[in-house]
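Sequence order for the protein chains is A and B. Read left to right, the first sequence gives residues 1 to 368 (the UniProt record's numbering). Read left to right, the second sequence gives residues 1 to 307 (the UniProt record's numbering).
Incorrect hints may appear among the rest.
Here are a few chain B residues that face chain A, going by a calculated C-beta distance under 10 Å [unchecked claim]:
#: 1; residue: 160
#: 2; residue: 167
#: 3; residue: 297
#: 4; residue: 301
#: 5; residue: 305
#: 6; residue: 306
Here are the computed distance ranges between Cβ atoms for each label pair [said to hold, decoys possible]:
#: 7; chain 1: A; residue 1: 347; chain 2: B; residue 2: 294; range: 17 to 25 Å
#: 8; chain 1: A; residue 1: 104; chain 2: B; residue 2: 301; range: 30 to 38 Å
#: 9; chain 1: A; residue 1: 204; chain 2: B; residue 2: 277; range: 15 to 23 Å
#: 10; chain 1: A; residue 1: 173; chain 2: B; residue 2: 225; range: 50 to 58 Å
#: 11; chain 1: B; residue 1: 191; chain 2: A; residue 2: 356; range: 40 to 48 Å
No wet-lab data here; the hints were simulated from the structure. Note that the structure is a prediction, hence the values are computed from the model and not measured. For each residue, glycine too, the CB sits at the ideal point set by N, CA and C.
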Amino acid sequence: MNTDATQMADERIKSESFATRLMRRPELGAIGGVILVTIFFLITADRTMFTLSGIMNFLTPAAQLGILGIAAAMLMIGGEFDLSIGSMVAFTGLIFGVLAVNMELPLILAIPLTMACAAAMGALNGYIVIRTGLPSFIVTLAFLFILRGATLVGLKLFSGGSTQLRGVRSAVEGDFLTPIFSGDAFGGLFRWLAELGVVEKFGSGMPKVPGIPVEILWFIGFALLATYILLKTPSGNWIFASGGDSNAAENSGVPVKRVKISLFMLTACAAALVAVITVIDAGSTDARRGFMKEFEAIITAVIGGCLLTGGYGSAIGAFFGAIIFGMVTIGLTYTNFDQDWFQVFLGGMLLLAVIFNNVIRKRVTGER
Amino acid sequence: MKHMFKAIATAAGLTLAGQAGAQDIVVVAHGQANDPFWSVVKNGVAKAGEDTGANVEFRSPETFDMVQMSQLIDAAVNQEPDGLVVSIPDADALGPSIQRAVEAGIPVISMNSGSDVAHELGAHLHVGQSEYDAGKAAGQELAEMGGTKAICVNQEVGNVSLDQRCEGFAEGFGNPVDVVPTQNDPTEVQSKVRAALESDPDVDTVLGLGASLVGEPAVAAAEALGRDDLLIASFDLSAGFLEAIADGKAAFAIDQQQFLQGYLPVTFLALNAQYGLMPGGDVPSGPNLITQDKAAQVIELSAQGIR
């Protein structure tokens, strides 16, 4: 009797080796995927891909997708989907464009108003899901079309019939918030490094890398914050609990509804952030912005180790998932493969990454 | 390592760069290689590469995505090619990347869309068709043929060049014009055109902005409704639409000869890299109206992906 109890206790408090703990992390597969994809491109791609300018170049789409992907991962851990984020990028891009161009608001008003509008749409998404008990897949699929259509209607209304709203760059020029949401950070540092010869230059003497694109900084910051929230705060536990078994979570006092609605608001705000960044960068917005991004964000989260059933996953995994996606998207242009193969490669590499991820996870955690 | 890989890849039947020392020219276009129109551009690009001995690559974003396209241009600039060909459907979004290429000392030629902004951004010249003028020419022709009320079917909403075609068309046509937006899907286009025709029997003219994506489905919709009085015209060519013109089911096609849009810029840039040659002005590759008498000749070439 006594010995049994001791054995039980031993079993539960047994300390695992560092390697085992590492292997149990959901993001391991994504990190392995990054390594695999890197090796693939080291062999096949032009070597400029892995120069500083090449890395910045593939990190930029990775960052834009990653901001969506991390939010999608958190929502997926919370047990829900959001298929409306791609359309939300277009819709909030329109809202932001109208506020900045047509109403000539400064960014300090235009951005919070855009965010508030996104949060309201996200809350509506979440409220309908909770209230009707319908799968979020269906509800947000409806919003995918509603928002896409509303964007087209709104664009034509505010641009006088065109499907594109221009003039954002000149509208926000000189605004003190512009450098936080667009362009490259640390420009002076990079010019200095180019003078020193640390950063490569073009034949014309212009530095190849003018700075770090700000979306990359947003991306890293968001990944760190999301990881902190998921792993170190009570809200993080609530998210895992809501996605794992919402009934049990509800019974043990987790405010499941509030958690889920907040997560829908988060994905919508992440879409709005991407919209603000890309609209300022591009100087215009059109009816096609964010097209297909909802699926790419979900793929990112899944490569990052999220389970489609919820309750398991990580933000840092989605971070690496987005990097894989960015590397494949841009990397193939550095290889000599005919562009017609592009989607075949993209799909193939994503499938490989996910399978690799799953194999590793099953091996270490047992069937889940 | 690289040689070994090349051998493997060649064995796998993939297209690889040719001999070292040839010019490297990159084409970044907004249209996808699976779009029948753009596959002709791509064929022109490939033929020019073959004829000049240059290494050419054709790249495009997965969807009509201006943000991704600007990233593809950046990636191309990083490789410092001897020449860069771009299409410019959205000057605001692509301008900075194109200017970066120009500042880096890479000669740029624009093609297909962007005639209005190409020089401002530092491109040497533009090979393409003025969309507004081409739309206007089509509108005048259709009004002359007796059209009184028209729909303009746009299959790529968000592309400014296509908006310009509809605007030019409305101007040239002089009668009421409704714009019908659709997805990039012939089946959907057919049902939308059908619905538009059924809901307003006064519509007697249909202008499509792409032959295989809109022109052919519009002909099918007219047939399904039994409307043989309809005037159907479309931008660009496809074998099916040309047959419809030859059979008298459609009025005409507006050919912008996009094979030239792929072929000429690559050739110009290859000659530029070799001998420093560059034409002194823009090259209008269209419009060229293909009516019933001319249609038959071009059908075969269209099927081969040249017209």
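Against the structure, the hints:
1. The interface hint given for residue 160 of chain B holds, since its Cβ lies 5 Å from the closest Cβ of chain A, which is under the 10 Å cut-off.
2. At a threshold of 10 Å, the smallest CB-CB gap from residue 167 of chain B to chain A is about 8 Å, leaving the interface hint in force.
3. A cut of 10 Å between beta carbons decides the hint on residue 297 of chain B: the least distance to chain A is about 29 Å, and the hint is violated.
4. Evaluation of the residue 301 of chain B hint against chain A yields a violated restraint, the C-beta minimum of about 21 Å exceeding 10 Å.
5. Restraint check, residue 305 of chain B versus chain A: the minimum CB separation of about 13 Å is more than 10 Å; hint violated.
6. Because the closest C-beta pair between residue 306 of chain B and chain A is about 18 Å apart, greater than 10 Å, the hint is violated.
7. Between residue 347 of chain A and residue 294 of chain B, the C-beta spacing of about 42 Å breaks the proposed range 17 to 25 Å.
8. Checked against the given bound of 30 to 38 Å, the beta carbons of residue 104 of chain A and residue 301 of chain B, roughly 52 Å apart, lie outside it.
9. Separated by about 21 Å at the C-beta atoms, residue 204 of chain A and residue 277 of chain B satisfy the suggested range of 15 to 23 Å.
10. The given range of 50 to 58 Å is respected by residue 173 of chain A and residue 225 of chain B, whose C-beta atoms sit roughly 52 Å from each other.
11. For the pair residue 191 of chain B and residue 356 of chain A, the beta carbons lie near 42 Å from each other, so the given range of 40 to 48 Å is met.
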